[in-house]
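So the protein sequences, as listed, match chains Z and B. Residue numbers for the first sequence follow our numbering, beginning at 1 and rising by one. Residue numbers for the second sequence follow our numbering, beginning at 1001 and rising by one.
These aren't lab readings, by the way, just hints derived from the structure by calculation. Among the hints, a few may not be true.
Unchecked claim - Calculated Cβ distances over 10 Å to all of chain Z for the following chain B residues: (1) A1008; (2) A1021; (3) D1028; (4) R1035; (5) G1037; (6) S1041; (7) P1118; (8) L1156; (9) V1157; (10) F1161; (11) F1167; (12) K1187; (13) P1188; (14) S1191; (15) A1200; (16) A1209.
What the hints assert, rightly or not - DEER-style ranges, computed between Cβ atoms: (17) B/K1185 to Z/A132: 18 to 28 Å; (18) B/R1035 to Z/D33: 45 to 55 Å; (19) B/P1206 to Z/A8: 41 to 51 Å.
What the hints assert, rightly or not - Once the Cα atoms are required to be at most 20 Å apart in a straight line, the calculated EDC-like pairs of lysine to aspartate or glutamate come out as: (20) Z/K23 to B/E1089; (21) B/K1185 to B/E1104; (22) Z/K187 to Z/D150; (23) B/K1023 to Z/E89.
Here a beta-carbon is modelled for each residue, glycine too, at the ideal position from N, C-alpha and C.
2 protein chains.
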Amino acid sequence: MLTLYDCATAPSPRRARIFLAEKGVAHDTVPVDLRSGEQLSEAYRQINPQCTVPALRTDDGLLLTDNAGIAAYLEARFPAPPLLGVTPEEKAEVTSWNWRMEFEGLLAVAEALRNSAPAMAQRALPGTVNYAQIPALAERGLVRVEQFFDMLNQRLVGREFVATERFSMADITAVVALDFARIVKRKPLESHTELWRWRAAMAGRPSMAL
Amino acid sequence: MLTLYDCATAPSPRRARIFLAEKGVAHDTVPVDLRSGEQLSEAYRQINPQCTVPALRTDDGLLLTDNAGIAAYLEARFPAPPLLGVTPEEKAEVTSWNWRMEFEGLLAVAEALRNSAPAMAQRALPGTVNYAQIPALAERGLVRVEQFFDMLNQRLVGREFVATERFSMADITAVVALDFARIVKRKPLESHTELWRWRAAMAGRPSMAL
Chain Z
1 MLTLYDCATA PSPRRARIFL AEKGVAHDTV PVDLRSGEQL SEAYRQINPQ CTVPALRTDD
61 GLLLTDNAGI AAYLEARFPA PPLLGVTPEE KAEVTSWNWR MEFEGLLAVA EALRNSAPAM
121 AQRALPGTVN YAQIPALAER GLVRVEQFFD MLNQRLVGRE FVATERFSMA DITAVVALDF
181 ARIVKRKPLE SHTELWRWRA AMAGRPSMAL
Chain B
1001 MLTLYDCATA PSPRRARIFL AEKGVAHDTV PVDLRSGEQL SEAYRQINPQ CTVPALRTDD
1061 GLLLTDNAGI AAYLEARFPA PPLLGVTPEE KAEVTSWNWR MEFEGLLAVA EALRNSAPAM
1121 AQRALPGTVN YAQIPALAER GLVRVEQFFD MLNQRLVGRE FVATERFSMA DITAVVALDF
1181 ARIVKRKPLE SHTELWRWRA AMAGRPSMAL
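Using the sequences and the accompanying hints, generate a full structural model.
Printed below as a string of structure tokens:
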């Protein structure tokens, strides 16, 4: 049985939860309480020295410590339904759009949050090393979040899904980034009608309630 | 015939050049002069509205605008030799380690460079939008580069390659990140003997001269 080290309140493990649900892969869950800093505890450090969630332990005992590795593993081991594309062109589009959702969406929100929230002082980056907050980076993050909404709204004109003609990891990352933006009090404009339409459609998938 | 929009002096297109060479894929090359800002010209904007290199045009006219998409496409279309792993476990390791080489290596150097170089004022991020430099982010980038060397040296203990038992995209990204660090005057310590050993072995591959 696979084991997911998870945290119900954080965006990164949510990506793994949705991916597993869309694949229909049964797994155990071990909660890790990020709010109390459990990821930095000695006990969790023994499990994942990087002190991050999600982490996925395979049946063979291999520990996968980021969404990139987790998705690659699950797609290869449980090919149906495909979430990373089937043809070379689809694989390229899904990988590229997922990367943009990460870099322009998730990372922008994370920069805004981690460089401003009092509870995250010295925690400007995840992992084992403490970094001081950089207020200018928080401000830049907010600007980038708004550009992310514009870009994604534009991309979704005439499209049901972010990357290709079918649901993919890019949609998962996009939903998680969009919802994560609430924590820095940002949401799409009313004029982002394509984005709202797509988000409403995504809400029809049971995985998105996770 | 594939067409690569390339720039000989920049790290990101170098990753694509090495990937193509390791696959032995013939292609045309169109140089884009980043130093004169050609990527922001109207002519290049017509080709790649994101104004970045590398970009790869496929025989079918699809334009791939980042290394993530380019690698996924090439691996699917030209499977031999595999550069993204073969088994689920290998795919996970390659994807995960490549992601770390990007995030902890390439991005750290890019943050240090783009937030300090006078020639990159207002160009703190690639792409179409201008962002002011953040000096504190340049300083943090340098700290992260040194941690990257430590981490990679540790990873390479007893290993010939970064991710698995064979050469992979993770090695390509690691070499490019390591060499890119010279531009911010950072290199591994003499005590990083594993890193130096691996880099010397990599130099034996013709692709690394590109």
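Tested hints:
no.: 1; hint: A1008; result: 23 Å, holds
no.: 2; hint: A1021; result: 19 Å, holds
no.: 3; hint: D1028; result: 18 Å, holds
no.: 4; hint: R1035; result: 24 Å, holds
no.: 5; hint: G1037; result: 21 Å, holds
no.: 6; hint: S1041; result: 21 Å, holds
no.: 7; hint: P1118; result: 18 Å, holds
no.: 8; hint: L1156; result: 16 Å, holds
no.: 9; hint: V1157; result: 14 Å, holds
no.: 10; hint: F1161; result: 16 Å, holds
no.: 11; hint: F1167; result: 17 Å, holds
no.: 12; hint: K1187; result: 20 Å, holds
no.: 13; hint: P1188; result: 18 Å, holds
no.: 14; hint: S1191; result: 19 Å, holds
no.: 15; hint: A1200; result: 28 Å, holds
no.: 16; hint: A1209; result: 27 Å, holds
no.: 17; hint: B/K1185 to Z/A132: 18 to 28 Å; result: 23 Å, holds
no.: 18; hint: B/R1035 to Z/D33: 45 to 55 Å; result: 50 Å, holds
no.: 19; hint: B/P1206 to Z/A8: 41 to 51 Å; result: 50 Å, holds
no.: 20; hint: Z/K23 to B/E1089; result: 17 Å, holds
no.: 21; hint: B/K1185 to B/E1104; result: 17 Å, holds
no.: 22; hint: Z/K187 to Z/D150; result: 11 Å, holds
no.: 23; hint: B/K1023 to Z/E89; result: 17 Å, holds
Going through the hint list in order, the structure satisfies each hint without exception.
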